[in-house]
Structures are given as structure tokens and as C-alpha cells.
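**Student:** Given the sequences, and given the hints that come with them, work out the whole structure.
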Amino acid sequence: MSIYPLVRLDSVARVVRGVTYGKGDVVQSPGPGDVPVLRAGNINGRLITDRDLVWLPRRAVSDDQILKAGDVVMCMSSGSASVVGKSAQLKTEWVGSFGAFCAAVRTEPLRADPGFIAHVLATPAFRAFAGAALGNNIKNLNKSALEGYRIPLPPLHEQRRIVGLLDRAAEIRRRADAARAKARAIIPALFLDTFGDPATNPKGWPVMTLGDTIISGPQNGLYKPATDYGSGVRILRIDSFDDGTIANQGALKRLRLDQETTDKFELSEGDIVVNRVNSPPQLGKSVLIPRLEEPVVFESNMMRMRVNPDLLLPPVLGVMLQLNSVRQALIKNAKHAINQSSINQGDVTGITVVAPPIQLQSVFAEHIQRIDAVARHLDAAAAKAEAMAAGLSAEVFGASSSKGNGHG
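Okay, so the sequence shown: first residue is 0 according to numbering that gives the first Met the number 0, each after it adds one.
Simulated from the structure, these hints should not be mistaken for laboratory data.
Glycine residues also receive a C-beta, built at the ideal position from the N, C-alpha and C atoms.
A few of these clues could be false.
Unchecked claim - Quick list of in silico lysine-lysine cross-link-like pairs, DSBU-like style, CA-CA up to 30 Å:
id, residue 1, residue 2
1, Lys-383, Lys-90
2, Lys-202, Lys-181
3, Lys-383, Lys-252
4, Lys-90, Lys-67
5, Lys-263, Lys-252
6, Lys-22, Lys-142
7, Lys-90, Lys-223
8, Lys-334, Lys-252
9, Lys-181, Lys-67
10, Lys-223, Lys-334
11, Lys-223, Lys-263
12, Lys-263, Lys-334
13, Lys-383, Lys-331
14, Lys-383, Lys-181
15, Lys-90, Lys-142
16, Lys-202, Lys-331
17, Lys-252, Lys-223
18, Lys-67, Lys-142
Unchecked claim - Listed next, with one range per pair, are the computed distances between beta-carbon atoms:
id, residue 1, residue 2, range
19, His-366, Asp-262, 30 to 36 Å
20, Arg-255, Ile-2, 35 to 41 Å
21, His-366, Val-26, 22 to 28 Å
22, Glu-107, Glu-170, 22 to 28 Å
**Tutor:** Right under this line is the structure:
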């Protein structure tokens with residue numbers, strides 16, 4: 000429950016409906032006098048104002064429908080309840096408008112901080128309120144219902160302090176995600192620069208099959224019915240990793256297992272896991288297992304292997320398996336069925352890998368370890384900031400900001 004009094008949204012802000020237009024109104028070759036118009040697809044965590052726009056003549060847009068810095072643009076109508084109510088704030092000056100399926104929440108700055116209102120409208124409580132919008136096919140959030148939504152309202156100076164803390168947490172996460180993205184781009188490029196593409200082996204390194212380097216496995220994972228999930232041991236699933244890394248160990252699902260099964264399927268740091276059964280875009284995805292916070296097992300659509308570090312260091316192989324040429328070699332003999340493809344252990348162990356000198360591999364592994372350390376440091380800082388922000392949000396916004404709200 001919020002510690003602050005609740006007030007109607009329309010006591011601190013106006014809701015402006017978007018521009019109604021037809022296909023014949025759209026300008027195909029916009030000129031200086033035309034206006035870009037945002038739609039629901041332009042709301043994606045932030046407002047996307049540089050692409051996927053439609054353009055209208057200026058006369059088709061009222062002065063009130065021209066966005067102002069601080070406005071929150073919200074989707075008011077969609078075929079999906081999960082889309083209704085998604086919003087993002089225009090944080091800088093931008094001359095443009097928004098379509099009829101959207102609205103702008105324009106805060107009165109002497110009554111509330113626009114950034115505070117943007118955070119309120121991004122809370123789970125508000126999204127649940129918006130997702131309950133009426134309509135059988137097209138879901139609509141009624142303008143009067145939005146205006147009547149009750150929000151917590153601290154004093155203005157406190158609103159600004161809260162916005163500063165929440166924005167800081169979001170900025171730390173943005174930097175952490177950018178560091179991860181940079182690492183994903185740098186590390187494969189560094190591999191190719193150091194070792195060359197394994198498919199062509201331009202530097203003439205010794206070659207062998209992946210099977211020649213394996214000292215344990217491949218071993219397929221375990222299958223358990225959905226009724227066994229919920230608590231217990233963490234399990235790695237195909238949605239748990241991307242680009243060769245596990246994004247968030249804390250988000251792994253849990254599975255009830257006895258100790259014997261856990262011991263058989265438990266992953267260790269340095270293991271390589273390859274996806275062997277899934278839709279074609281997911282087939283052959285792999286991950287190098289990092290240091291684990293607690294025991295983790297792996298599911299049946301994957302296979303696990305351990306390589307001989309005297310021949311091939313796990314970090315080197317982990318990056319090698321992310322290269323497009325190597326992944327294509329992994330899946331070239333895949334068997335395809337309706338909506339599902341598969342590779343077997345022979346497909347994996349039979350691919351050709353390069354084995355540069357261990358000393359050079361060690362230098363490369365140290366490089367990627369340093370890059371990853373920076374990203375992990377930022378991830379830890381982001382997690383700490385997000386925990387602080389979650390606590391602050393619970394205190395300020397509470398779960399009860401939606402109490403008394405309704406669509407009736």
C-alpha cells in the first residue's frame with residue numbers, strides 16, 4: 000500500500016486523444032510542412048521517433064496533438080490486452096504527433112512531475128488495470144477510465160527525488176546492457192582476428208573433430224513433466240541463454256529432483272551445452288557454463304560435453320561455437336519435422352575445430368575474461384540499483400494504487 004494519498008490522474012494531468020486519419024491522408028513523400036505520427040509500435044520501452052512513422056499534413060493535426068517534452072504516449076486500443084496501456088515518455092523536444100489508437104498524458108508541471116507520472120503509468124499495477132480493459136476483440140482503454148485512475152501523489156520535491164533515483168537505476172541497466180551488447184560484438188571479432196575462421200583455417204592451425212577433444216559426453220539432458228516444476232533445483236532451458244551466455248541465473252526455473260538425478264545431470268563451470276532439438280532458428284544454440292551460484296541441471300533438448308583443456312580451452316570453444324560458420328556446420332545434417340528440427344550427438348562431435356597453441360588460447364581467454372568481468376561488474380551494479388528501485392516503487396506506488404480503480 001502506498002504511503003502517499005491517492006488522487007485522480009486528471010487532477011494533475013490531461014489526457015489528449017490522438018489524430019484520426021485515413022489512408023488517403025498519409026503523405027508518401029513528406030515535406031517540411033508535414034508532421035510525423037507515432038503509433039503503438041513506436042512504444043517499446045522508449046519512444047521510437049526515428050523510424051516506422053507515418054506522416055500527415057500539418058493541417059490534419061491540432062495544436063493540442065503536437066507532442067511536448069514530458070508527455071507520456073500510451074497505447075489505448077489494440078487487439079491484445081497486453082499491449083493496451085504500454086507507454087513511454089517523450090524526454091526531449093520533438094515535433095510530431097500520435098495516432099488515434101494512442102493518447103498523450105500531459106502533466107501539469109505545477110501539480111506533478113512529468114517523470115513521476117511516467118513511472119506511475121509504467122507500474123505493474125497500472126498495466127494490470129489497463130490490461131483489464133473491456134472489449135471482446137479490440138481491447139480499449141477508455142479515456143474517462145484513464146482520467147479516473149488513482150495515483151499516489153507525494154509532494155513535488157519528493158516526486159523529483161524519486162524520479163532521479165528510478166531514472167538512475169534505469170540508466171545503470173542501460174549501460175550494463177550496452178556493455179553486454181558490446182562484448183557480444185567484440186569477442187567474436189577478436190576470435191576471428193586471433194585465430195581466423197575455423198571453416199577456412201587461414202592461419203593453418205592443427206584441426207581435429209570436436210569429438211577428439213571431448214573427455215566426457217555428449218550427454219543428453221533430462222525430461223520431467225510440467226507438474227514437477229516449481230521448486231527445487233535450478234534447470235537450464237532453451238530460453239535461459241542467448242549469444243553464448245546465461246543472462247540471469249536467478250531467473251532459471253526450478254525442478255523437484257532427488258540427489259542421484261541431480262548428480263547425474265548437474266552442470267559444472269566450463270561445460271558446453273548445445274541445443275539439439277527445437278525450432279530451426281534455435282537449433283545449435285550453445286552456451287559455455289559460467290561459475291554457478293548453486294546447482295543447475297539441464298533439460299532433455301540439450302546435450303552437455305566437457306572438453307580436454309590440454310587441447311582446447313572451454314572459453315575458446317565457447318566462442319568458436321557462436322561463429323555462424325561453426326553453427327552452420329553443427330546443423331547442416333539436421334533432421335526436420337513439423338515445427339521442429341534436431342541434431343544428434345554425431346552431428347556435434349563430427350564438426351571440425353581448430354586447435355591453436357594452448358599459450359595463444361590462454362591469452363585469448365584472458366582477454367575475454369577481462370571483457371566479461373566489466374560486463375559482470377555492471378550487471379551487479381544494475382541488479383543492486385534495480386533492487387533499490389523495486390523497493391522504492393513498492394513503498395511509493397504500492398500494489399494498492401489500483402484499489403478503487405475500475406472501468407465501470
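**Student:** Taking the hints in turn, state whether each one holds.
**Tutor:** A quick look at each hint next to the structure:
{"no.": "1", "hint": "Lys-383 - Lys-90", "verdict": "holds (25 Å)"}
{"no.": "2", "hint": "Lys-202 - Lys-181", "verdict": "holds (26 Å)"}
{"no.": "3", "hint": "Lys-383 - Lys-252", "verdict": "holds (22 Å)"}
{"no.": "4", "hint": "Lys-90 - Lys-67", "verdict": "holds (9 Å)"}
{"no.": "5", "hint": "Lys-263 - Lys-252", "verdict": "holds (18 Å)"}
{"no.": "6", "hint": "Lys-22 - Lys-142", "verdict": "holds (25 Å)"}
{"no.": "7", "hint": "Lys-90 - Lys-223", "verdict": "violated (48 Å)"}
{"no.": "8", "hint": "Lys-334 - Lys-252", "verdict": "holds (29 Å)"}
{"no.": "9", "hint": "Lys-181 - Lys-67", "verdict": "violated (33 Å)"}
{"no.": "10", "hint": "Lys-223 - Lys-334", "verdict": "holds (24 Å)"}
{"no.": "11", "hint": "Lys-223 - Lys-263", "verdict": "holds (14 Å)"}
{"no.": "12", "hint": "Lys-263 - Lys-334", "verdict": "holds (28 Å)"}
{"no.": "13", "hint": "Lys-383 - Lys-331", "verdict": "violated (43 Å)"}
{"no.": "14", "hint": "Lys-383 - Lys-181", "verdict": "holds (22 Å)"}
{"no.": "15", "hint": "Lys-90 - Lys-142", "verdict": "holds (23 Å)"}
{"no.": "16", "hint": "Lys-202 - Lys-331", "verdict": "holds (24 Å)"}
{"no.": "17", "hint": "Lys-252 - Lys-223", "verdict": "holds (13 Å)"}
{"no.": "18", "hint": "Lys-67 - Lys-142", "verdict": "holds (19 Å)"}
{"no.": "19", "hint": "His-366 - Asp-262: 30 to 36 Å", "verdict": "holds (34 Å)"}
{"no.": "20", "hint": "Arg-255 - Ile-2: 35 to 41 Å", "verdict": "holds (39 Å)"}
{"no.": "21", "hint": "His-366 - Val-26: 22 to 28 Å", "verdict": "violated (51 Å)"}
{"no.": "22", "hint": "Glu-107 - Glu-170: 22 to 28 Å", "verdict": "holds (26 Å)"}
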